[in-house]
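Colleague: One-letter residues, chain by chain:
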Amino acid sequence: MVNSITIEISEEGDIVVARQKGRSIAKNLGFSVVDQCRIATGISELARNIFLYASTGLIMILTLIENNRMGLEIIAKDMGPGIPDIKLAMLDGYSTSNGLGMGLPGTKRLMDEFEIISETGAGTEIIVRKWLN
Amino acid sequence: MTVPIIKLGDNLIITIQTEMTDDMAVEAQNKILSRIRETEARGLLIDLSVIDVIDSFMGRVLNDTAMMARLMGAQTVVAGIQPGVAVTFMELGLKMKNVYTVLDIEQGLELLKSLE
Amino acid sequence: MVIDLPFVELVELRNKYAAIIRGNREEITANWMKITRKKFQDLEGVIDFDDLTETSCGYLERLESFVSRGSENYNLAEDPSFKSYLDNRIEHYVKNGMPAYVPPAYFLALKEVMSDFLNRYFQTDLPLLLSVLEMNTILLEPLATISCKAFVEYQEEMIKQQAKAIAELSTPVIQLWDGILALPLIGTIDSARVKQIMENLLNQIVKTKSSQVVIDITGVPIVDTGVASRLMRTVEAARLLGAECILTGISPVIALTLVTLGINLGNIQTRATLKNGLESALNNLNMLITSGSKGETK
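Protein chains in written order, with my numbering: chain A, 1 to 133; chain B, 1 to 116; chain C, 1 to 298.
Simulated from the structure, these hints should not be mistaken for laboratory data. Since we're looking at a predicted model, the values are computed, not measured. Think of the CB as a built atom: it goes at the ideal place given N, C-alpha and C, for glycine as much as any other residue. Hints may be right or wrong, so weigh each one.
[Claimed, not checked] To list a few chain A residues with every Cβ distance to chain C over 12 Å, as calculated: (1) Ser10; (2) Gly13; (3) Val17; (4) Ser24; (5) Asn28; (6) Val33; (7) Val34; (8) Met60; (9) Asn68; (10) Asp85; (11) Pro105; (12) Phe114; (13) Ser118; (14) Gly121; (15) Gly123; (16) Ile127.
[As the list claims (entries may be wrong)] With a cut-off of at most 25 Å between alpha-carbon atoms, the simulated DSS-like pairs for lysine-lysine come out as follows: (17) Lys113/B x Lys209/C; (18) Lys108/A x Lys113/B; (19) Lys95/B x Lys108/A; (20) Lys16/C x Lys39/C; (21) Lys95/C x Lys195/C.
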C-alpha cells in the first residue's frame, strides 16, 4: 500500500494546507498526538523553505510500509536556486533569509530520517521520514 | 480573519481562534502592539490553546511580540500551549524568552494580577 | 510443475486425492488426532483435544476444496480460504498457550495419515502411487514451516503488545494534590521509554491542570546523556505548558554522572527526597501542611 498526495506550494496559505494534510494523514496512520505535531511542524518548515527560497515547489506525503513497520515520508521539492553549502545550512542558527536558522536542523531533530539533495541553480529536494513505533 | 483583542483592566487578552498563516501572525503582532500603545496595557495574555502547530516562524513572531511588548511596558503571559506543541518547540531548538507560561487563561489572569 | 504428469492426469489425480478425503473424513480426522494425541501426551491439560478435532475438520475441508480445484498450484498458503483459517486458528492456539513445537508435528501427522490412505487406495498402481505420494508431500510438508512461522510471528506480536502495556503501567503519573503531580521513575530508562513517559506526563499536566510536578528518580540506577537531555527537554516542555518541575532523589552515582558528563540541570529545582519535593510544590502553591487536632479545620 502506497498512498501519496501532492500539495503545490505557490502561496503562503499553501503552507497551512500542507501541514494540515500531513497531520490528518499522520493521525489516520495512528501516530501519537505529539508525533502528529512533529510531523505537521516539519512539513510547515519544509513548505516555508520552498516558499521563501524558491517561490514555488511541491510537498509530497507518502505512507510507507517496510519490514512490518509503517511510516510517513515527506518529500519537499523545488526548482529554486539550491543550497550552496548544505553543511552550513544544517547548522543551528544559520540563515540567509533573516530567519532564526532553525528550520532545517530543527526539522531533522523532529524526524527519524533526513536526506537532502541540492544543486546550485537546479533546485533542492529534501526527504524526511518518521516511523510509527 | 483578524485576531480579537479584549481589554480587561490593565491587561489585553488575545485568544487565537484559528490556525494562523504567516501573514495573519504578522498582522496580529502589529495590531497587538498598537493596542498596547493605545491602552497603555501592563499585561498581555495570549491564549494558544487551539494552536496545534508552532513552527520556527510562528515561534519567532511570538518571541518578538513578547520582546516588543516588554519594551513598551507590558509583560507577556502565554496560556494553553498543547503538549505536542511544547515538545516540538523544544526539539526545533526554540526558546521562549521574556514570556511567562501558564496552563490556562484563568491562571494567566491570576498571574497578571500578582505581577501588578 | 513439480509432478511429472500431463495436466489432464494431474487434475484427475487431484480429484482422486480429494475424493479420498471426502470419503474418509471421519477416519482421517480420528487417525490424525490419535497420532497427535500420542505425540503430545504430556500436553493433555494444555491442549483442548476436542477443540483441536474441530479445527482439524476445518483444515481437511479446506484442503479438499483446494485440491479439487484443477490447477497446478500446490501452495496451500496461497489459498486465501486456507490461509485465513490457519491464521485464525494459530492466533487462537497462541492465546491458549499451545507450545510452538506443536503445529509442525501436527501437520506432519496429517501427512503421515494421508500417506497411509493413499497406500491403501493406490497399492495396485505403483507409478500412480509414487506420484500421489509426491503430491501429498508437496502439499502438506510446507505446512510445518508455514504454521510454525505464523505461530512465532503471532507470538512476537503478542509479546510486543504486552511489553507496551507493561511500559504504560510502569510509568504512572500520580496526582498528589490539586495541582501537584508526581512522576516516580523506576528502573532503567532508555530513549524509547523516556519518550513515552514524557508524552504521558505532558498530557496529564494538561488534563489535571497541574502546575507543579515532582519527578522522583530514586529508583533510576543510571542516567546517560541521552536520557538526561530528554529529561531536561521535558522539564522545559512542561514549563511551556505552565508547569514547574521539581527533581528529587538524585543518587550520588547519578550526581557524579551528571557532573562528569557536564550536564547542566540549568534552573531546575532539585530537592533531596520526594517528601521535600512535595513540600516545595505545596510551598510554590502557597499551601502548607500543618498539624491540628482531629476534626478541626484549618
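Colleague: Are the hints correct? Go through all of them and say.
Modeller: Here's how the hints hold up against the structure:
1. In this structure Ser10/A is separated from chain C by more than 12 Å, as the shortest Cβ-Cβ distance comes to about 33 Å.
2. At the 12 Å boundary, the C-beta of Gly13/A stays outside the reach of chain C, the nearest C-beta of that chain being 27 Å off.
3. For Val17/A, the requirement that its beta carbon stay farther than 12 Å from each beta carbon of chain C is met, with the minimum near 27 Å.
4. Its beta-carbon lying about 20 Å from the closest one in chain C, Ser24/A satisfies the requirement of being farther than 12 Å from that chain.
5. Even its closest Cβ contact with chain C, about 19 Å, leaves Asn28/A beyond 12 Å, as expected for a residue assigned away from the interface.
6. Separation of Val33/A from chain C is inadequate, the least Cβ-Cβ distance of about 8 Å not exceeding the 12 Å criterion.
7. Distance check for Val34/A against chain C: the nearest CB is about 5 Å away, which does not clear 12 Å, and the non-interface claim fails.
8. No Cβ of chain C approaches the Cβ of Met60/A within 12 Å, the least distance being about 27 Å, so the stated non-interface status holds.
9. The Cβ of Asn68/A does not lie farther than 12 Å from every Cβ of chain C; its closest approach is about 9 Å, which violates its non-interface assignment.
10. Look at Asp85/A: its CB is around 28 Å from the nearest CB on chain C, clear of 12 Å, so calling it non-interface holds up.
11. Pro105/A, annotated as away from the interface, keeps every beta carbon of chain C farther than 12 Å; the closest lies near 15 Å.
12. Non-interface call for Phe114/A relative to chain C: holds, since the shortest CB-CB distance, roughly 18 Å, exceeds 12 Å.
13. For Ser118/A, the non-interface assignment is confirmed: its Cβ lies about 30 Å from the closest Cβ of chain C, beyond the 12 Å cut-off.
14. Every C-beta of chain C lies more than 12 Å from that of Gly121/A, the closest at about 39 Å, which supports listing it as non-interface.
15. Listed as a non-interface residue, Gly123/A keeps its Cβ farther than 12 Å from every Cβ of chain C; the least gap is roughly 34 Å.
16. Every CB of chain C lies more than 12 Å from the CB of Ile127/A, the least distance being 23 Å, so the non-interface label holds.
17. Proposed proximity of Lys113/B and Lys209/C is supported: the alpha carbons are some 19 Å apart, at most 25 Å.
18. Using a Cα cut-off of 25 Å, the hinted pair Lys108/A and Lys113/B is violated, with the two alpha carbons roughly 41 Å apart.
19. For the hint linking Lys95/B to Lys108/A, the alpha-carbon distance of about 17 Å falls within 25 Å, and the restraint holds.
20. Only pairs whose Cα atoms come within 25 Å are accepted, and Lys16/C paired with Lys39/C is rejected, the gap being roughly 29 Å.
21. About 30 Å separates the Cα atoms of Lys95/C and Lys195/C, which puts this hinted pair outside 25 Å; it is violated.
The structure shown violates the earlier hints numbered 6, 7, 9, 18, 20 and 21.
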